[in-house]
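Number of protein chains: 2
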Amino acid sequence: MKISEIRVETFRYTSDKGKDIQGHGHPAEPHEAQQAMLTIVSDEGVCGYSFREDITMAMGLVRPLLLGEDPFYRERIWQNLYQRQREGSALTDRVLDAIDQALWDLAGRALDQPVYRLLGAFRDKVPAYGSTMCGDDLDGGLNTPQAYGDFALQLVARGYKAIKLHTWSTPMPGAPDPKRDIAACAAVREAVGPDIVLMLDPFHYYTRQEALYLGRELEKLDYYWMEEPMDEASVSSYIWLTEQLDLQICGPETAKGGLKTRAEWIVRNAADISRVGTGDVGGITPMMKIVHLAEAFGVQCESHGSSIGNLHALCAMGIAGQFHERGLLHPFTDYETPPPWLNALPDPMDDEGFVPAPQGPGLGLDINFDYIRDNLVSG
Amino acid sequence: MKISEIRVETFRYTSDKGKDIQGHGHPAEPHEAQQAMLTIVSDEGVCGYSFREDITMAMGLVRPLLLGEDPFYRERIWQNLYQRQREGSALTDRVLDAIDQALWDLAGRALDQPVYRLLGAFRDKVPAYGSTMCGDDLDGGLNTPQAYGDFALQLVARGYKAIKLHTWSTPMPGAPDPKRDIAACAAVREAVGPDIVLMLDPFHYYTRQEALYLGRELEKLDYYWMEEPMDEASVSSYIWLTEQLDLQICGPETAKGGLKTRAEWIVRNAADISRVGTGDVGGITPMMKIVHLAEAFGVQCESHGSSIGNLHALCAMGIAGQFHERGLLHPFTDYETPPPWLNALPDPMDDEGFVPAPQGPGLGLDINFDYIRDNLVSG
Numbered sequence: 002m003k004i005s006e007i008r009v010e011t012f013r014y015t016s017d018k019g020k021d022i023q024g025h026g027h028p029a030e031p032h033e034a035q036q037a038m039l040t041i042v043s044d045e046g047v048c049g050y051s052f053r054e055d056i057t058m059a060m061g062l063v064r065p066l067l068l069g070e071d072p073f074y075r076e077r078i079w080q081n082l083y084q085r086q087r088e089g090s091a092l093t094d095r096v097l098d099a100i101d102q103a104l105w106d107l108a109g110r111a112l113d114q115p116v117y118r119l120l121g122a123f124r125d126k127v128p129a130y131g132s133t134m135c136g137d138d139l140d141g142g143l144n145t146p147q148a149y150g151d152f153a154l155q156l157v158a159r160g161y162k163a164i165k166l167h168t169w170s171t172p173m174p175g176a177p178d179p180k181r182d183i184a185a186c187a188a189v190r191e192a193v194g195p196d197i198v199l200m201l202d203p204f205h206y207y208t209r210q211e212a213l214y215l216g217r218e219l220e221k222l223d224y225y226w227m228e229e230p231m232d233e234a235s236v237s238s239y240i241w242l243t244e245q246l247d248l249q250i251c252g253p254e255t256a257k258g259g260l261k262t263r264a265e266w267i268v269r270n271a272a273d274i275s276r277v278g279t280g281d282v283g284g285i286t287p288m289m290k291i292v293h294l295a296e297a298f299g300v301q302c303e304s305h306g307s308s309i310g311n312l313h314a315l316c317a318m319g320i321a322g323q324f325h326e327r328g329l330l331h332p333f334t335d336y337e338t339p340p341p342w343l344n345a346l347p348d349p350m351d352d353e354g355f356v357p358a359p360q361g362p363g364l365g366l367d368i369n370f371d372y373i374r375d376n377l378v379s380g
Numbered sequence: 002m003k004i005s006e007i008r009v010e011t012f013r014y015t016s017d018k019g020k021d022i023q024g025h026g027h028p029a030e031p032h033e034a035q036q037a038m039l040t041i042v043s044d045e046g047v048c049g050y051s052f053r054e055d056i057t058m059a060m061g062l063v064r065p066l067l068l069g070e071d072p073f074y075r076e077r078i079w080q081n082l083y084q085r086q087r088e089g090s091a092l093t094d095r096v097l098d099a100i101d102q103a104l105w106d107l108a109g110r111a112l113d114q115p116v117y118r119l120l121g122a123f124r125d126k127v128p129a130y131g132s133t134m135c136g137d138d139l140d141g142g143l144n145t146p147q148a149y150g151d152f153a154l155q156l157v158a159r160g161y162k163a164i165k166l167h168t169w170s171t172p173m174p175g176a177p178d179p180k181r182d183i184a185a186c187a188a189v190r191e192a193v194g195p196d197i198v199l200m201l202d203p204f205h206y207y208t209r210q211e212a213l214y215l216g217r218e219l220e221k222l223d224y225y226w227m228e229e230p231m232d233e234a235s236v237s238s239y240i241w242l243t244e245q246l247d248l249q250i251c252g253p254e255t256a257k258g259g260l261k262t263r264a265e266w267i268v269r270n271a272a273d274i275s276r277v278g279t280g281d282v283g284g285i286t287p288m289m290k291i292v293h294l295a296e297a298f299g300v301q302c303e304s305h306g307s308s309i310g311n312l313h314a315l316c317a318m319g320i321a322g323q324f325h326e327r328g329l330l331h332p333f334t335d336y337e338t339p340p341p342w343l344n345a346l347p348d349p350m351d352d353e354g355f356v357p358a359p360q361g362p363g364l365g366l367d368i369n370f371d372y373i374r375d376n377l378v379s380g
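Residue numbers (my numbering), protein chains in the order written: chain A, 2 to 380; chain B, 2 to 380.
Keep in mind the hints are simulated off the structure, nothing from the lab. Possibly wrong hints are sitting among the right ones.
[To be verified] Pairwise CB distance ranges (calculated):
no. : chain 1 : residue 1 : chain 2 : residue 2 : range
1   : B       : Y14       : A       : R87       : 48 to 56 Å
2   : A       : Q245      : B       : G46       : 52 to 60 Å
3   : A       : K180      : B       : R209      : 57 to 65 Å
4   : B       : Y372      : A       : S5        : 41 to 49 Å
5   : B       : K20       : A       : E220      : 56 to 64 Å
6   : A       : D367      : B       : N270      : 48 to 56 Å
7   : B       : V268      : A       : E220      : 50 to 58 Å
8   : A       : S235      : B       : V268      : 18 to 26 Å
9   : B       : V268      : A       : N81       : 56 to 64 Å
10  : A       : L154      : B       : S90       : 47 to 55 Å
Note that the Cβ used here is the ideal one computed from N, Cα and C, for glycine as well.
Extracted from the complex, chain A is given alone in its bound form (with noise of 0.2 Å):
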C-alpha cells in the first residue's frame, strides 16, 4: 500500500470561541472561524482524516516526505518528519501530530478496527475531568471564585467526578493573583465538597516562590496536582518546587522535545507526575513511546488536552493515566454539542463521568463530509 494523494481541505464554521492575546480561549460572539481536514490518501482507496486549525503551509515539507511511503510505516514515517523539524519550520509537533493521527486512522479503517484495539488495548472506558476555561471578566462566566464555584456544581450535576481549573492570566484584569486563584480554588472545594478530584493549571509565569504559595494552599485543599504554575524552560525550578512540596506537580506539557523532554524531567524528578498528549509531542506514535517510559520508572502519566488520539492512547495504556480531559468548558459553551464537521460527539461523558473507548473504525470519528464540502475555503 502507498500513499498516492495529502489533500488538506480548509473549511468555515461558526465558532463561539475566540482567543486572547495570550491564546487562551473565551467565550466570545458567533464569528466564522475555520479549520483543516487533512486527508491521507492511499493507492488502495483507504483514507484517514484528522483535523486541525490550518496547516496547509507545511505541506510542501511534509509531501515529499509522505507521498509513496506504505502508510503502515508509521515509524518511519514519524522519524522522517521528526529529524526534518531540526532546523524549526512550519513542521510543527502539531502537523506531526496531524499526520500520525491520520495514518492511525487509515490503518484502523483498513483494518476495520479501533486504534485502541491495534495498539493492544486495556479498558474500555476513561474517567473525564471537567477542564475549565481560563478566568475571565464576564458577568455569569468565570470573573470570580464564586463564578468558578457556581459552575463546579454545574459540573458535578453533569456527572464529573473530577475538575480543573484554569485561574486567571494575562492580559485579564488583575491577572496574574495567587491569592485570588486560591480564592477560586477554594470555592470550588467548598462548593463540590470532600468527594470531587480538583485540579489547578494556573498563570505559567509565576516566580519560585509565588508557585510555592500555590502548592501549600492546594495541599490544604487537597487538591490532587498543580501543573505548570511556572516556565517550563526551567527545569532547576521545577525538580525545586517538587521537592518541596506534597501536592503532585504534572508536567511537562508545553515544554518542547517531546519523549526525551520527559525522560529528562522523570529522571531529575522535575515532577511527580508526567503529562503528554498527541498534540505536544506530534501524534499517538510518541505518545504510547512517552507512556512506556512512565512504566519504565513507575511514574504515573496523564493526558493533556481532547484529543481522540489521546483518548484510543488512554484506553491502551497499561499503567493508566487516571483521567480523560474534557473541555475546556464553560457557562456560556456547549461542549456536548458535536461541532458541525462531526455527526457525533468524539468524547460522550455518560453520568458516571465516563468516556467510552471510541469504537468506530480507526479514530472513530463520524466526520460530516458534506458539511465539509459545502464549507470549502476555496484555495
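Use these hints to put chain B onto chain A, whose structure you have.
Positioned in the frame of chain A, the structure of chain B alone reads:
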C-alpha cells in the same frame, strides 16, 4: 472477540542439539526432543500460535486470566499476567512471551497483516549477525581458537557481515579462561579481516578485572561490543566496567525486571547499549516498551535471540537495533533448514546478510500442522 480456548500441544521431533549442565547448547547425537505449540483460540474462529519448550505447567495459572478476555486487549492481559508473576511460579517471562506472541499472531491473522506493520513499520529487512554456539571439545567443532577462525570464514562465505562468538564456559575443559577467549577472538579477526563486525559473549561470571582484560584486548581487535562477561545482578560492576572501557558493553540480557531493570541500567550508565529479547522480558509488547525507553535516552537497543517476535520488533524500531541475531550456529549443525514443525525458515538470510521482514499474516510462521498432529505426545 473473546478467547474461548487455550491449547498446549506437545510434540516430538528429532533434535541434533543438546544442553550442557549450564544450559548452553551444543551439537548432540540425534535424539528425541519435545516442543510445544501454544494455540489461543477466539470465539470467532481465529487462532494465534507460538512455540516454546514445554509451557504446560503454567497453563493452570494462565487459563483463568485469559479465557473470556478479548484477545486484542494485549496490554490488559500482559499486565494481569505480570502482576501474577510476583510470587514466583511457573509463569515465567518465557511463558508470557509465548502468550504475547500468540496474541500478536492472532491479531495479525485476524487482520491479515504481519505484526511489524501493525506495530507501525520502520524497515523491510534487517542485517543479521551469525551467533556461534559456545565453545566445546569436539574435533572439528569449536574446540580451539583456530576452529573459531575457520568457522568464521564459513559464515562470511555464507553472507554474514557480522559475527558474535560465544566462547568457552564451564563445564568445558579449561573454561573459563580469558586468554583462550581472546585467542579465539584474535583468530576470528585474523581470519575475516577488518571489515566484518565482531562481538563477544563470554563466560558470564568473570571478575571485574577479568572482564576489563577482555575489554582492553577486544578494543585492540576492534570488536563492536561485549555482552554479559559478569553476573548481571551486580549492576555496580557493569557501571564500573562501562566507565573504564571505550568498547561498548551491551546489556542487560538475563537480569530479571524487564522494562524497569533496563531503565535503571540506562540511567546508571551500566551499559552502552541496552538489550532486549522477547523471551527475556515476556513478549513483543514489553520489548517495544524497552525500545521506546532506549529512544527516550538516545541509547542504542539491540535484540537478543532469534525469536520471530524479535524480528518483527526490529522491523518496527525507530531507533534501529542494528542486528538480528541468527543462530546459534556450529560447524556440525544446520540453521538453514526449518525445524520439522515449520514449512519455511522464519528468518531466511540473503547473500548480503539481510533477513527480510516476515510477510505472512501475524508472526508469519508457516506451520506444518500435519507434522504436529502426527507427532503429539499423548497427554
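(request) Check each numbered hint against the structure and report the violated ones by number, ascending. (result) 7, 9
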